[in-house]
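Visitor: Put together the whole structure using the sequences plus the hints.
Residue numbers (my numbering), protein chains in the order written: chain A, 1 to 322; chain B, 1 to 322; chain C, 1 to 337; chain D, 1 to 337.
No wet-lab data here; the hints were simulated from the structure.
By construction, the Cβ of each residue, glycine as well, lies at the ideal position given by its N, Cα and C atoms.
One thing to keep in mind: the hints can contain errors.
As the list claims (entries may be wrong) - Just the calculated beta-carbon pair ranges, DEER-fashion:
#1 A331/C x Q5/D: 51 to 61 Å
#2 E298/A x G63/D: 51 to 61 Å
#3 E298/B x T203/D: 48 to 58 Å
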Amino acid sequence: MELSKEKLLWMYERMQLIRTFENRVKVEFGKGKIPGFVHLYAGEEAIAVGICANLTDADYMTSTHRGHGHCVAKGVEPRGMMAELFGKATGTCKGKGGSMHIADMDKGMLGANGIVGGGPPLACGSGLTAKLNKTNQVTICFFGDGASEQGTLHESLNLASIWKLPIIFVAENNGYAESTPAHYHCSVENIADRASAYNMPGVTLDGNDIFAVYEASHEAVARARTGQGPTLLECKTYRFNGHFEGDAQTYKIAAENEKYQKERDPIKLFRDNVLARHLVSEAEFKAIDDRVAAQIDEGVKFAEESPFPDVKETYTDVYVNY
Amino acid sequence: MELSKEKLLWMYERMQLIRTFENRVKVEFGKGKIPGFVHLYAGEEAIAVGICANLTDADYMTSTHRGHGHCVAKGVEPRGMMAELFGKATGTCKGKGGSMHIADMDKGMLGANGIVGGGPPLACGSGLTAKLNKTNQVTICFFGDGASEQGTLHESLNLASIWKLPIIFVAENNGYAESTPAHYHCSVENIADRASAYNMPGVTLDGNDIFAVYEASHEAVARARTGQGPTLLECKTYRFNGHFEGDAQTYKIAAENEKYQKERDPIKLFRDNVLARHLVSEAEFKAIDDRVAAQIDEGVKFAEESPFPDVKETYTDVYVNY
Amino acid sequence: MAERQLNFGQALNEAMRQEMRRDPKVILLGEDVAGGADVDHLHGDEAWGGVLGVTKGLVKEFGRDRIIDTPISESGFIGAAVGAAVTGMRPIAEMMFVGFMGVCFDQLLNQGAKLRYMFGGKAKVPLVIRTICGGGYRAAAQHSQVLYSLFTHIPGLKTVVPATPYDAKGLLISSIRDDDLVIFFEDITLGAMKGPVPEEPYTIPLGKADIKRPGSDVTIVAIGKMVHHALKAADELQKQGKSAEVIDPRTLSPFDEEAVLESVKKTGRLVVVDESHPRCSMAADIAATVADKGFDYLNGPIKTVTAPHTPVPFSPPLEDHYLPNPQKITAAVLSLF
Amino acid sequence: MAERQLNFGQALNEAMRQEMRRDPKVILLGEDVAGGADVDHLHGDEAWGGVLGVTKGLVKEFGRDRIIDTPISESGFIGAAVGAAVTGMRPIAEMMFVGFMGVCFDQLLNQGAKLRYMFGGKAKVPLVIRTICGGGYRAAAQHSQVLYSLFTHIPGLKTVVPATPYDAKGLLISSIRDDDLVIFFEDITLGAMKGPVPEEPYTIPLGKADIKRPGSDVTIVAIGKMVHHALKAADELQKQGKSAEVIDPRTLSPFDEEAVLESVKKTGRLVVVDESHPRCSMAADIAATVADKGFDYLNGPIKTVTAPHTPVPFSPPLEDHYLPNPQKITAAVLSLF
Ligand SMILES: Cc1ncc(C[n+]2csc(CCOP(=O)(O)OP(=O)(O)O)c2C)c(N)n1
Ligand SMILES: Cc1ncc(C[n+]2csc(CCOP(=O)(O)OP(=O)(O)O)c2C)c(N)n1
Ligand SMILES: [Mg+2]
Ligand SMILES: [Mg+2]
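Guide: Here's what the structure looks like:
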């Protein structure tokens, strides 16, 4: 599939934005600026970006605890996200949600989710809305390999199938649920092999190859937009960091970790591919890298300088009566 | 597979016992003697009996809201069951459980269940006990076509598969979940086709043919007892009565209903088969029929004449503190 | 002209029908809410319309696009209802028996109830979940629960428990028009109860209690079906020369503290009647509120009449013993004099 | 000789280790409770041992047959724990955060809690579910809940909330030996707290409160982490000439009513401190009990100090504002004088 240069540059910029965002979150978390739990997406950028390259702001997305990358790919502003992670009033959710609950309805981003398997039922809801209103919005439902053993996923796959909902279910199989390997927790080798149990197409692919992700999701999105129902895509990948910041990662296999970080880095793979085909120049990449770095710096500054929410905000956005 | 005459007679007696029990429950419910909800198993007898023909009292079973047949097949005493349905102190559960919660630990019967999909996780538990204690007890986990869309089933199938638990999952596909046809609520034609999603054998068979049920479950039980893990059996069947007593059954297709009741009655199929092969005589059948009728009459009498539990029983069998 | 009488189920049906006519965003989903999906010969009123027939006939008027039968996937379809609400629909989901809420509890506790807050107010969840509750039907431990205390504990959820057909219609219409997730409890033994119900749509505000019977010697706060027991007890008490005021909170969250405090101020005595298990119950909640904010009005202890801290037994004599009734209420009231 | 000091996590680990040595029927299951299942190079102490490391090292002693990692299938493995308990094992299941209980709620509400009763006493469910609770970790709305009020509402469940390493060990051993389903709450911010813990196994009876500080002017009942806030408040109150008695119920169900009533009889004043949302909470439960059975002892209203009726906010200043603290407790107490 031929991609326009504009799209290639967009892809690179979004991936780089996620990577730079996540690396910076790691630093700020280490400094104690970001409280709570953070789960970094670095290493998996090709999935969110490859898929979101098919979408508009009107399309929906449900996400997971590892949601920063999904947000950025869907177009949520990194500065608002950073402010949210800092717990500031200028954050995407006024500082009330934090890393695990980042959401941006204006971008169709229906929330990261602290509950593994919490998202798929919600995705059926946005899918139902789109279907009933006969818009052609699609919903992307991200979930991890660990989430594939959660009953809610099964219910949602069946529901989406019988109602022919415009949903693309995306399994981000990074090989682990916390410290538990997928080959232990999952009874089948490929999560996408379960698609047949719901009478929908299932594709297992290299999640670090953005072109493979883009192509497969392009087809799935087209199916969804034309009323042909859901698809299950499984993107095999690897996370560069621990499950959360602070994880000693003793369960990782050193050689595999090294291989992924050095040879299978999705951003490197993209660069090498595109450079080899002379589609984008080093200078163009450099310009993007600089812009992204500046954007993230600015975002951190914005987050740092923003005020915390007023304590009265504790009582807003919910019904309180007593 | 050759079956001993003893086994054939046992099968017939158990099926007839279930049918007679259920027909009588219908009558007593109509008279107002049995309160609450009852869900009758008539028409599906070949499944419970065909499977339980492979078991001993030490084996476990989890059941559903439509559990009378499972109980009888597992050897629970019909008189205690009838007394339970009447809410009497002599009931299997002292009258505290009723139709939807009949259980008998002495027979490994871990309870009917008012929650659709409530049983499969429990079955993983008895399976785990047997595995850890290295006994060769198996667990039969019954569930309906409707329950196959409940997330708990999916979780349990995966768990049983990765832990190689000695469980036979038995889908009783009677075509309907309440008034909703399986071809609407289920995204695949055969529930057993989902077995591949959990890396276990799956077999779809005629649930009204007790020989087919017996053979398939014989193999599955042998697999389970020898540590080879779980199997998913789907038995296609039909319920002769409404979802519960009181259901007008407007959703049923008249011709199909008629066909099942007249031509596909599992007891009739068994009789015809065995008579044609001259394995059992009409007289032998008659003797069983008479014995069964007397047993159920006696059971109803027992239930009628038994006392209700003392109101103090409200406070026993549970921790109460205040 | 005599007032029109409807039973509880009819009142609810009419509320949904009128709201669905008014607002195309209102949809209904649940198990067998139409009934017989994909059954060729079922086109109209013969279909189930929910397990108790409350939604019967709606599919004939609104079609299967808006009256949607679901598989037995409560997490799936309740979550879908939350997701549809967040993206612009106003779903009504039928959750059959409240005892089944356990299978989809996360979608209520952590999704539906919290999204608006966690998203900094950028989402709203205009969803009503209708569910059957209550004992007395001999439906045993799993099918006879009330459980509204659990949902009242959770911020972000509103809980509504009507006691009459009139209240049922007005409260359901308000719930449908509300922008928060409302759990609407329909007592199984009240389903056939008749009462006057105006034909035109009307609303009853959430958070407004109703004085079902005025009185001066004791305040009886009773919830749902318990209101009728309390009224019977009040009759009996009248004969014994005690005037009881019976207050029906109608909605538990939000809760009309003021109405209860006003009444206790007048009567000096409080009995709370609640079919719940006692611990961390609505009965305890109301008692605690008054023990704090109305302490000075009280002449004596606050009594609660609840079910015991046991599951609901199946056997009829045990279940009768388990449930609150007019006699127990009368006794509790008399203990205060 | 100085008493041995352990932190909360170590005390829990030791309790499990000792019980597993004593009784081969005790097994442990949950997500990453060993950690790294099927990872060839992980054989011992390097494995996670649960998300906070509380079960670290147990797999080395007891092997992967008894320390069982599970998929993220909470209904599946909690239900399996119930089923294993009913068939003769004594499982301990780790349910990571209490906020996740929603995904397996039915297995608690309708299975684990009710089987014994529904089966007429023929089953028992000797299962302990350990879970992390509490705010203050900046873990936001889904990961900072306490929720013990929900479980205390449900008959058939016992609920235990230890406040010190000593209590944690003794209560966990009792819970493991108990024949009912016990939910055992471990506050996330207490994990590193140290205190004296005897090495030999010992039990603390479920249903027995502990007077953490004797006093005569006011009774403060505080739960879990709140005990420490209450003790701080008591120090401050002492300076102001008020003697506060701090009672730690330790188990919420069963609940030691007698201890609380005794104390209020002496002090005439009651403040209940509970990190829960206020509605249908433990705070309300305790207040209601005293408003009924201890009314005559009271000199004034019963005050509760709870979190507000909102989800837990993420932002640190909001969360700090949200949580009860010593100042709020002191203020509540002083309002009674
Ligand atoms: C219902 C529930 N159970 C457990 C957890 C704790 N938890 C958070 S992330 C996680 C692992 C998820 O693994 P996976 O789905 O593969 O996603 P990944 O972290 O690899 O992106 C677990 C167990 C949770 N948040 N929610
Ligand atoms: C969790 C839950 N949801 C819904 C119900 C109501 N209900 C009881 S039986 C039933 C249909 C079950 O269908 P199926 O599994 O096919 O079993 P069958 O009745 O056909 O034997 C439903 C929806 C329930 N008891 N539990
Ligand atoms: Mg993973
Ligand atoms: Mg069925």
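Visitor: It remains to establish, for every hint, whether it holds in the given structure.
Guide: Taking the hints in turn, this is what the structure says about them:
no.: 1; hint: A331/C x Q5/D: 51 to 61 Å; result: holds, 54 Å
no.: 2; hint: E298/A x G63/D: 51 to 61 Å; result: holds, 53 Å
no.: 3; hint: E298/B x T203/D: 48 to 58 Å; result: holds, 49 Å
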